[in-house]
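Enquirer: Sequence:
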Amino acid sequence: METKQPDTKTLTGHLSEMFCSLQGEGLFVGERQVFVRTAGCVATCSWCDTVYSKVQTPRFVTHHDDEARKRWRPNPVALDDVVADVTTFARGHGVTNVSITGGEPLEQPEFVAALARGLRAAGLRIHLETAGLHGEALRRVIDHVDVVAMDVKLPSATGIRHWGDHRGFLETIRERRNPARVVFAKVVVDLNASLAEIEQAAELVAEFDRSIALIIQPESEALFGRSTTRERTRALLALVDAGAGAAGARLDTVRVIPQTHKVLHIR
103 METKQPDTKT
113 LTGHLSEMFC
123 SLQGEGLFVG
133 ERQVFVRTAG
143 CVATCSWCDT
153 VYSKVQTPRF
163 VTHHDDEARK
173 RWRPNPVALD
183 DVVADVTTFA
193 RGHGVTNVSI
203 TGGEPLEQPE
213 FVAALARGLR
223 AAGLRIHLET
233 AGLHGEALRR
243 VIDHVDVVAM
253 DVKLPSATGI
263 RHWGDHRGFL
273 ETIRERRNPA
283 RVVFAKVVVD
293 LNASLAEIEQ
303 AAELVAEFDR
313 SIALIIQPES
323 EALFGRSTTR
333 ERTRALLALV
343 DAGAGAAGAR
353 LDTVRVIPQT
363 HKVLHIR
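For the numbering used here, count along the sequence shown from 1 and bump the result up by 102.
For the record, the hints were derived by calculation from the structure and aren't laboratory data. Please note that a few of the clues may not be correct.
Simulated pairs of lysine-lysine, DSBU-like, Cα-Cα distance not exceeding 35 Å [what the hints assert, rightly or not]:
hint : residue 1 : residue 2
1    : K111      : K156
2    : K364      : K172
3    : K172      : K111
Simulated restraints on C-beta separations [stated by the list, open to error]:
hint : residue 1 : residue 2 : range
4    : R263      : E238      : 13 to 23 Å
5    : G350      : L293      : 15 to 25 Å
6    : R175      : V153      : 36 to 46 Å
A virtual CB, placed ideally from N, CA and C, is assigned to each residue, including glycine.
Go ahead and model the full structure; you've got the sequences and the hints to work with.
Expert: Have a look at this one:
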């Protein structure tokens, strides 16, 4: 039975910001993309670097190359306006890839599904960046995106064992498998993480599909932040290297990639 699509003229969503930049994380690092950051996220990551997007606010901002031209607009915003604005923004920057990120996009599944559908109709390629916790919400969105970039949240970072949530998310990916869709997982590793946690993350992904690439991302503050030390950086890299070796025994593709946008000092 075909699912009835909601009336897009009445759909609204909460955003945090929109901008064009280089993708700084994951398999598509270095690719120019338009980023649409949704507002609202219930995850409790200790290393979160977009805390401002965790709550829904009365307005959102569109950043331009000239920050003097940045534009503030009220939330919630109409879906059709977002589709039109993102399409115009992408074409103006010569960009064909749009990353819907957060916050947590899957906390607004109807809005995000319709947004992705509208942007794809405009010829854009859609990347979904998600915490990988909302398997049921993913069912409403997954058929409208080209790339799924999911996190695997370690208990040491959140204080919560999310393995069951991630398992449900991966089950949805398996059920709705599409050879044309790229799926990869990312795990952020800080000095509170353990090798056992990284191994468990790799085992979880491999349980569903060992061809899903795993990106191990060293936490930026400990890696090259102003308050870090050489000893902390060395300890983190040693843990990451051991984790990559352990994960590589379970998965076909494992890469260590830091947050490159922070190295380049861009958004």
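Enquirer: When the structure is checked against the list of hints, which entries are broken? Sort them ascending.
Expert: 6
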